[in-house]
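As they're listed, the protein sequences go chains R and G. Going left to right, the first sequence walks through residues 0 to 260 as numbering that gives the first Met the number 0 numbers them. Going left to right, the second sequence walks through residues 0 to 270 as numbering that gives the first Met the number 0 numbers them.
Simulated from the structure, these hints should not be mistaken for laboratory data. Model, not experiment: these values are computed from the prediction. It cannot be assumed that every hint is accurate.
Residues from chain R that keep clear of chain G, each with C-beta distances beyond 12 Å, as calculated [to be verified]:
#1 Gln51
#2 Gly58
#3 Leu85
#4 Arg91
#5 Tyr119
#6 Leu220
Derived DEER-like restraints, expressed as beta-carbon distance ranges [to be verified]:
#7 G:Gly87 - R:Asp2: 38 to 48 Å
#8 G:Val249 - R:Gly121: 21 to 31 Å
#9 R:Gly8 - G:Trp7: 28 to 38 Å
#10 G:Pro49 - R:Val95: 16 to 26 Å
#11 G:Trp7 - R:Phe6: 51 to 61 Å
#12 R:Gly168 - G:Trp7: 16 to 26 Å
#13 R:Val34 - G:Ser40: 28 to 38 Å
#14 G:Val249 - R:Val95: 16 to 26 Å
#15 G:Ala18 - R:Ser154: 54 to 64 Å
#16 G:Leu29 - R:Leu4: 17 to 27 Å
No residue lacks a Cβ here, since even glycine has one placed at the ideal position from N, Cα and C.
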Amino acid sequence: MRDRLIFAGQLGFTLLVAAFLVVPVVLSISAGVTVNYFRGIQSGVTLQWVVQVWNLYAGEIGLSFLIAFATLAVTLVVGVPAAYGLHVKGGRLSRVIEEIITLPLAIPGLAIALALLLTYGGFGGFRQSWLFILTGHVIFTMPFMVRSVMAVFASVDIKTLDEGAASLGASPWTRFCNVIVPNAMPGILAGSLMVVTLSLGEFNLTWMLHTPLTKTLPVGLADSYASMRLEVASAYTLIFFIMIVPLLVAMQMVAEKGEKK
Amino acid sequence: MSHRNFIWICLLPLVVVTAAFFLLPMAQLLAVGAGGSRGVSAYLAIITEPRYRATLINTVVLAAATTVATLVIATIAGLFLQRHRFPGRAVLIAMLTFPLAFPGVVVGFLIILLAGRQGLIGAITAAVTGEKVVFAYSIFGLFLGYLYFSIPRVILTVMAAVQKLDIGLEEAARSLGASPWAVQRDVVLPALGPAFVASGAIAFATAMGAFGTAFTLATNIDVLPMLIYTEFTLAANFAISAALSIGLGVIAWAILALARSMSGGAVAAAG
């Protein structure tokens, strides 16, 4: 009897916590498709707000995808070889480099953005272009890619495979393409999903780095929260959810697949 | 090309990118912070200037309250979810963890929907008591936002830690006559210590530096990131905002480094 009471109490508490997390999301989704949120769902269901958001903010949404995939490209080209280099080289220098590239996880985005502004803000052409936001996103997401790939190297004994291929006469470049990258695939995949998800949702840095001509999706969100009616803001949030949830599900699936191995 | 050279070529792009777009800007930030009318003492202003000090204390108290509340909530829920199997458990876990990737701005908006002027809590309280309760735009709204942000992360960490616990220890304690509460207090909670330190540090550092949620709820919330933002954009006070953000960065980094040395695991804040 007592055990059942404790169980019921804990279940009730956990359900309450889940409600705290889920109810606002449901409110947001329903507000985004309601004709008039103040009058409630009886006023009718509509997609007019979603269409309006698309007309107003398609540019922001497009730029976010451009930046997310550009960030992914840079973190792949720079991060994957670096993860290999750091793992094979080892030693103190590698640890120092790893520490330094991980710092942007601890330092608030606001500080990094200020640093970038104070250093490169004077370079007009660069400052005005989306590449300026890209640099911030690359610095912020790089540790996720590097560490995700290094985690795989730590578990598959890449050194032995690498040396085996070398003893058969494969050049470093051939080994990197045919041995290292295929073995690192699970880490590359997990890191890529993380990088794209983080870049699409990044606000702290981006708000400081954006210009009126380089607004991203989250910058537009903040914009709509401040100046649009609740239905439009909700519809915009709904579009964001639709984009981000498949990425989250994919991330979960990759993680589960990794656990089973 | 030798193997050694190839390794260096692999590392070179990362070193160049990090030096140009992280180390150099950070050095510049440090220099700007010391280059204002106050000189190097700008770095002490966060403590010596009463207005900044009050904001710092405000931020620390808010972050600490968030951390404690999140740890308590996530431990109760995480222990329960990991120790019981029942229909709907997977759905419940999914509901508790999917807000993981929501940016701070979105969390701020969700809090407005919950406790803002057109919010659910306001509507319910207006219907029940006749008085509309609205607190989204206050420090309590921000607290709720940070709670929303931290709970999924900490629940995941607690659940992973509970899974690794040796259930034999609890059975031994029970067979020696310990009450269920004593088992939790003397066996389970101490064993979860490292997980608490690690996830608590992340929650604390994130709450210290988070900007998006405060920005959305905005108006008059007095926390360090908002202060830095207004000093930089409205007052154009570059030296002070640089010095304050260095201070904020050092605090967040120190908390995480301390937690890492205590728990031995990898600890990092989340945006």
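Notebook entry, point to check: Which hints, by number, does the structure contradict?
Noted result: 3, 5, 6, 7, 9, 10, 13, 15, 16
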